[in-house]
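A.B. asks: Chain by chain, the residues run as shown.
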Amino acid sequence: MALNLKRKRRPAPDSVFPNKKRQLVPPEDDEFRSALDENEFTHDQEEDEDEGWSEEDPVAGDGMNELDEREDGEAWEGIGKGGARRGLSQASHNGATKNPPTGQEVRVIKQAADLFRSSSFKLQIDALLPNVRPKESRRAALDSFLLSLHSVISAAPSIPPQHPLEAARSLLSPASDSASKRERSNGKVKVKDESSAPSVAIAVPYAFPAPPEDANWKVSFEKPSEITLVGSWANKVGVKAKDNKPWIVDIAVEMPSGLFQEKDYMNGRFFHKRAFYLAALTKHIVRSESGLGVEAFYQSHGSDPRLTTLLLRPTADEQLVKSNAQVRIIPTLSSQSPIPLSKLSPHRSNFRVGRALSSESTPTIAIDTPTPLYNSILLLATTPREHLLAVHSMKQDFPAYGDALALLRVWANQRGYGEGTAPCVRGFDGRGAWWNSLLELLILGEEPVRNAKTSRKPLGKGLSSYQLFRSALDFLARQDLANEPTFVKSKDGHRFSPQDYAEYAGPVFVDSTSSANLLSGMPRSSLGMLRHDARVTLDILNSTDLTNDPFHEIFLKDHRSLATRFDAVIRVDLSGSKMRNPSAHEAVEYGSPSNAVLASMSTYLQRALGSRVHAFALLHTPPSSRPITQAQPDSLADIYIGLVYDPEHAWRLVDHGPSASDVDNAEVAAFHELWGSKAELRRFKDGSIMESVVWDVKNADERARIPLLVVEHVLAIHFSLPRSALHSWQAGFDEVVRLPPSIVSIHTAAGHQAGFKAAMAAFDDLVKTLKSLDEDLPLSILSVSPTSEYLRHTSVFNPIAMPISAVSSFPICARFTPIMEAVLEFEKSARWPDDLRAIQKMKLAFFERIASALMGAVRGLTARIAVLEAPQDSAIEDHACLELVTPLGWAFALRIWHAREETLLTRAIDAVAQIPKQFQQDHAEKFRERDAATSALALYTRRFIHAPRHHRAVAAFGYRFPAYGGTVRLIKRWLASHWLLRGHISEEAVEILCAAVFARARDAGGALDPTRGAPGSRERGFACVVELLKDWKWERGLFVPLYGEDGSPPAVTIVAGAAGVWTLSTEFDKEGKMWTACGPDIVAAQRVRVLARATWECMKKAEVGALDVKSLFVHPTDDYDFVVQLEQATLPRYFQNIVADPVVWARRSKYANMAQDPSEKNVVVRPGFDPAQMFIDDLRVRLFSATAIPLPKVLEMMLTGCQSVYSDTLKIFYDPLGGDRFGAVWEPSVRQPRPFRVLNHFSSAPVMRKDGEKGRERGVVVVNEAAILDEIIRLGHGLVIV
Amino acid sequence: MSGRASQSYGGFSMLPVSYRSSQHIIYVRAQVGASKGKSAIAWPQDRTLFIVNLPPDATARELSLLFRSCGAIEKAVFDSDAEWGLGEDEGSSDAEDGDEQGGLSEGEDESDDENRRKKQKFAKEGEDSQPRPPKVVSLPNPSLRRLRRTGHTAHVVFLDASSCSRALALATPPISSSKTQIAAPRPWPTDIEAPTGFAHYVALYDSLRPPLDTVLAHAETSIGLFDHEQAEKKRALQHESKYRKGEAIVDEDGFTLVTRGGAYGKAVGGGVGIASKKFTLQQAKGTRAGIRDGSRKRKHTESKEDAFYAFQIHEKKRNALIDLKRKWEEDKAAVEKLKASRKFKPY
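From first to last, the protein sequence lines are chains A and B. 417 is the number that the numbering used here gives to position 417 of the first sequence; each next residue is one higher, with no gaps. Numbers given in the numbering used here equal positions in the second sequence, counted from 1, plus 10000.
Some hints could be false.
[Claimed, not checked] Distance condition first, Cα-Cα at most 30 Å in a straight line; then the derived DSSO-like pairs of lysine-lysine: (1) A:110 with A:242; (2) A:828 with A:1070; (3) B:10233 with A:828; (4) A:322 with B:10327; (5) B:10339 with A:110; (6) B:10233 with A:1030; (7) B:10337 with A:236; (8) B:10343 with A:135; (9) A:1100 with B:10339; (10) A:1070 with A:242; (11) A:917 with A:557; (12) B:10233 with A:395; (13) A:771 with A:828; (14) A:1033 with B:10345; (15) B:10233 with A:557; (16) A:236 with B:10233; (17) B:10327 with A:1070; (18) B:10345 with A:557; (19) B:10233 with A:461.
[As the list claims (entries may be wrong)] With the Cβ distance kept under 8 Å, some of the chain A side facing chain B (calculated, not the full set): (20) 414; (21) 558; (22) 559; (23) 561; (24) 1098; (25) 1175; (26) 1243.
Because the hints were derived from the structure by calculation, they are not lab data. Bear in mind that the values here come from a model prediction, so they are computed numbers and not experimental data. Yeah, the Cβ is synthetic: ideal placement off N, Cα and C, and Gly gets one too.
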């Protein structure tokens, strides 16, 4: 130990203060010196000892000597690499960092901090990278495999020229082989078994259209002129693929130039020859007797048969199988081939459709339509080698290139721009070269094509991987790749000038080798999606909030889940798709008719959706490999269309087209072509006459679905896909927050007002009326602040007005009228009594005055004073409110806020602070008062300070994020239907929680910005919150900037045994316990997590199959000890039940002529009356009775114990939204026999001992379950079904 | 009563009552406790029964029905109420009529009633010349059941000691070692006047919304009483103290006049603190120079903390570097920890 100390101390003065002046040393330093000397002394002793036992134990001794040697070395050399390393290891070893770091360390640390986002970010990157790279240990086995493969390929026999179709036939069924020997086992061809039987059927993957019978050219095979290891494996820049997809080792086999003729670039002849070459090579490999031990497959990127490659999966060698690597063989074109590459310029037409497809061609197609895609795919056959060299030199010159590329690929893979088993964004499979040249572009800069100013400048060499990655994101976010052609700076100009690309409509990205357009065939929508994702990520990186580590979010989290990524997802069954105007030219250009369908789908959708979406994407699972007996790739069965809404325009009712005054007929025609019969000429208010499309919607739910309607419409008219072929789950979500239609129809028939807008208007009316009462009131009203969820768009159901006269026409189980609460504030006055009890009485007097004034002013308004909670609560608490029912049927409850109460309550609490302990007994009364005041103050703070403020913030939040309200409603419904809302989780807590997923959307300045990746639909919001709940570690708390201000996350203090375990803090509630003080407790919080996980899994399954949304809201009741069924017909809220049965309220209309029950002739209106809820509240802890302030023990007992009957015995779960059952679990502790106590706080029965058992001193009791159940039945008489 | 059993259940006997389909166990014991003092007066030892584990919805009437065969009950007090000073006499069903309350029903505002009672006492004992306090019109309160926490306790005082012992005889002490059945359960009586379940909640809802004029009368009389009390207090204070405490002086416009004269540096009415005379004098004299002096001094001391000696500068730099390194190490340790939990496998 002393040795360690010594080594730690010694380099310090030497390295950092080499020029220390002795004469200035103050006394403290003397101490330091002496300490040093002391250490030196002990060290010397140690050393002697070391020598002593090194003789006995040579190994240990050697180690010690080595250490000593190193130490000596350092004493002389000062700072060395070893020193730095050792310093670090020491520090981590000892856990102490008392000595200053060496220069080397300082350099490393500074570098990490300067070149990376933060030092911990760098460390995390360092930790991440090895996990996405291939293991070096696996390389050896692969290398030997590649060597043998090389020799096998080089030994391939040549095949003389043949007619293409004949050649294909002979490959498929070799005549020479007897049929008996042929064997196909699911397409997998076992080479080992058949080394003696070379009879393998191999299909030639001829591209579309297949070679004609009258072809006057021949295909043949020669052994490759060159075999090269290319791609990421060769350059060691490979990155692990998602979902454990194999590592791909690319091998380029150069087809000898002799096989080609000059005209082969025309009409797909090159691709046919290439296909035959590949098939012949396949045949050779598969039947070769070398015993390679591989399975062979075909693979076509983007389902394009022209890009077919051969995939070899080793099966024999265990080492190889373990390394999860596959070899891909890519036939390439040599640069010396007779095919003139200059003919492949994008503006040239190299496929004469008319001639090639004479049988089915339509004469209208122009013969010389350019075929840019075809050309560039042909060019791709020349690139692999060039790319290999380019990447190699990049790697050489820029040390961070490899790491940056890995980061970029990991980022992209996590977002589905790559391959995997989950749906991925279309167009990104097999685009490895493009990612490489993306970085190349950043490093080399952009070719100044348009004007030199706008083009990108090259970056410096000293950039770190993180900086390079970041600038790549920056590029992706800024550059409109979909529309602006991009050219990497090349050494000696590009092969084809930018003008050549001018006519090509697709995205253009040409790399430095100027070989080909690397983005050819990429749907523009995919690039738009990429841009959107880059922007969102960049915002996260830009956020100045350093407390939240974004590393996990950026690199480690899987973002591919459709539900949380897209505002709307539509699954399209493509099997019936048919283009309206099938064009042979497009089919040829895109490689196959189905690819052409997808390409034009993307274009049409882009045009139709326009600014409604930020981005959208076509997604599908990238085509997997196919057996070599299958020539063409599988056509896609399903694709997903994911939309990311732009909240500003998404729900626009009218799509405007060109104006009628426009003479440009082409534009009008295009508009009509896009929209079909839906396009109409309309005259608008401002006098303009325009082509337009109008979407008819009846309500807000339908309006939210407009973008889906657009997609449906486009797919229907252009691809004849009926609605039944499209699946989305939005409609299912609408249903769960809607009242049953039979009830709604009664309301609409009677013309009752409904909806949030109407409710707010009613509230505004009330406020106006109240303010006009000034004359009748002693004090004028300063403000009326609403505090109800019905007035901030977050209640599960739309508020509906229920006029008093109409109540009797509703069945009992549909009579519930929600009461909307508000807080009245009067002008300040000193006339209020300065006593808490008297203030409450004063409020009653005020209420009476307002009530009579209002009833005088408004006809038909009823007002009642509700003295709530009084019997149990102390008289100093605010306990009364004024209940109003407006003539239209809206119900409000007003409370009076008197600010003086706070002072008086605080004074009452402080009054006992000075009382010394020994006198406390004498002041019991004062302490009791203090306790009452504490609870009253908590209620006051919540009701009058926090609730109005919370309401304002939530309402503002809802205006900023249109999907927020809907999300809250869905989540509330979800929690309610799982029996957790209100009883365990307060409505306000849900609102804050939901805001968390929206508040992530911030612009660079840190202000909330709805366009930055916030959910744009409530379904996505729902999925995001479920995801949050699934992963949220509530032990750590959550900070939600609900008020749009900056703040730091709270320091969470975990109070053992606290009623609420969630910490949801906002700017105004730093403690984060205002709405979660009393729940959820640990049991409920765990339950939320479990439910969220189950729901998440369920939604994930929905990605592949149909989702029954209701199933997410059906509560499993297996876990409860008992479930009590309530009488549905007596519950005023039953109609809100998630599975409400209309029979319950239809029952009474058995006799059509009997209007109503005689007993119900004079119905008493009871707004807000919910006996079931009152019953449940009586049985369990009331949610808001505890406070954020740590309570004195006695008070806590009073608050949580006094009011509820079974708070210590049972945990009760109930759906407040019309639940007709409630479940309960016994507290585990009461089921254990325990000694009898007077204050056991549960109903107990003695445990009878068995005869033989030895009696203990104290009687033992256990909870009397049967009696408690009977009690519940008695207490709920009339509500509970026995 | 077997000695052993009484030991094992703290002296309680068991009184089973039968429910619909089960048995509920009530534990009873004769009151034991302080032989003198407050509690002894409240609970006379020989005729008080201490009951544990009552049904949560038990009412006093139900208790008296349960013990009807034993004798009349003077009062029944539920301890959970008494503990918090609430409705001490809510349940005294039998003895209620004779009370001085004059038939006023209780409930909503017990504390107010308490005040009033105290007031009344005070008024009776004190001089008769003073104005009588106004009577508070209380809010209507039908006899609704109050649900209490399960397993709560009550004291039942019988009219005479023999009833109490009869009641105790109903219950049997548990014989722990034998299997013999405890006494036959008595049915739990139901108070028909106090509804349960749905009817209870309907009644509760309606009772909480009294007619407007009642509320007004209640509010006005309550405030009248408050005013009366205030006046009383003020008078008493003026009577005994030279300080003019009591109510603040409010002028016509509703402004409070802050004037010296309250106790201990407070204004009259006690609401606002008032500066001491010394401070006011100082202000008047204008000892600003001194204040400025002080601030300069403070500034000086601040600068002193800066590095002056070279070693201090070194020390500072060194500490900064050490801090840097410490942070680095912390980050590293955190990342190592994450690494150990396989956090860095992205997929």
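A.B. asks: A separate judgement is required for each hint: does it hold in the structure or not?
C.D. replies: Here is how each hint holds up against the structure:
Restraint check: the Cα-Cα separation between residue 110 (chain A) and residue 242 (chain A) comes to about 34 Å, which exceeds 30 Å; the hinted pair is violated. Between residue 828 (chain A) and residue 1070 (chain A) the CA atoms are separated by roughly 29 Å; this keeps the pair inside 30 Å, and the hint holds. A distance of roughly 26 Å separates the Cα atoms of residue 10233 (chain B) and residue 828 (chain A); the hinted pair therefore holds under the 30 Å criterion. A C-alpha spacing of about 40 Å is found between residue 322 (chain A) and residue 10327 (chain B), which places the hinted pair above 30 Å, so the restraint is violated.
Straight-line distance between C-alpha atoms of residue 10339 (chain B) and residue 110 (chain A) comes to about 23 Å, which keeps the hinted pair within the 30 Å bound. For the proposed pair residue 10233 (chain B) and residue 1030 (chain A), the alpha carbon gap of about 61 Å is over 30 Å, so the pair is violated. Distance restraint check for residue 10337 (chain B) and residue 236 (chain A): the Cα-Cα separation of roughly 29 Å lies within the 30 Å cut-off, and the hinted pair is therefore satisfied. Note on residue 10343 (chain B) and residue 135 (chain A): the hinted pairing holds, with a Cα-Cα distance of about 18 Å set against a maximum of 30 Å.
Taking the CA atoms of residue 1100 (chain A) and residue 10339 (chain B), the gap is near 28 Å; set against the 30 Å cutoff, the hint holds. Proposed proximity of residue 1070 (chain A) and residue 242 (chain A) is contradicted: the alpha carbons are some 41 Å apart, above 30 Å. Taking the CA atoms of residue 917 (chain A) and residue 557 (chain A), the gap is near 56 Å; set against the 30 Å cutoff, the hint is violated. Restraint check for residue 10233 (chain B) and residue 395 (chain A): not satisfied, since their Cα atoms lie roughly 92 Å apart, outside the 30 Å limit.
Under the criterion of a C-alpha separation no larger than 30 Å, the hint pairing residue 771 (chain A) with residue 828 (chain A) is consistent with the structure, at around 16 Å. Of the pairs offered as hints, the one joining residue 1033 (chain A) and residue 10345 (chain B) holds, with about 20 Å between alpha carbons and a cut-off of 30 Å not exceeded. Proximity of residue 10233 (chain B) to residue 557 (chain A) is assessed by CA-CA distance (about 70 Å); at most 30 Å being required, the pair is judged violated. A threshold of 30 Å between alpha carbons decides the hint, and for residue 236 (chain A) with residue 10233 (chain B) the separation of about 92 Å lies outside it, so the pair is violated.
Restraint check for residue 10327 (chain B) and residue 1070 (chain A): satisfied, since their Cα atoms lie roughly 27 Å apart, inside the 30 Å limit. Between the alpha carbons of residue 10345 (chain B) and residue 557 (chain A) the distance comes to roughly 10 Å, so the proposed pair stays at or under 30 Å and holds. For a cut-off of 30 Å, the pair hint linking residue 10233 (chain B) to residue 461 (chain A) is broken: about 87 Å separates their Cα positions. At about 7 Å, the closest approach between the beta carbon of residue 414 (chain A) and any beta carbon in chain B falls short of 8 Å, and the interface hint on this residue holds.
Restraint check, residue 558 (chain A) versus chain B: the minimum CB separation of about 7 Å is within 8 Å; hint holds. Proximity of residue 559 (chain A) to chain B is violated relative to the hint, the smallest CB-CB distance being about 11 Å (cut-off 8 Å). Taken as an interface hint, residue 561 (chain A) does not check out: its beta carbon lies about 13 Å from the nearest beta carbon of chain B, beyond 8 Å. For residue 1098 (chain A), the interface hint is violated, since its Cβ never comes within 8 Å of a Cβ in chain B; the closest pair sits about 22 Å apart.
A cut of 8 Å between beta carbons decides the hint on residue 1175 (chain A): the least distance to chain B is about 7 Å, and the hint holds. Because the smallest distance between the Cβ of residue 1243 (chain A) and any Cβ of chain B comes to about 5 Å, under 8 Å, the interface hint for this residue holds.
Checked against the numbered hints given earlier, the structure breaks hints 1, 4, 6, 10, 11, 12, 15, 16, 19, 22, 23, 24 and satisfies all the rest.
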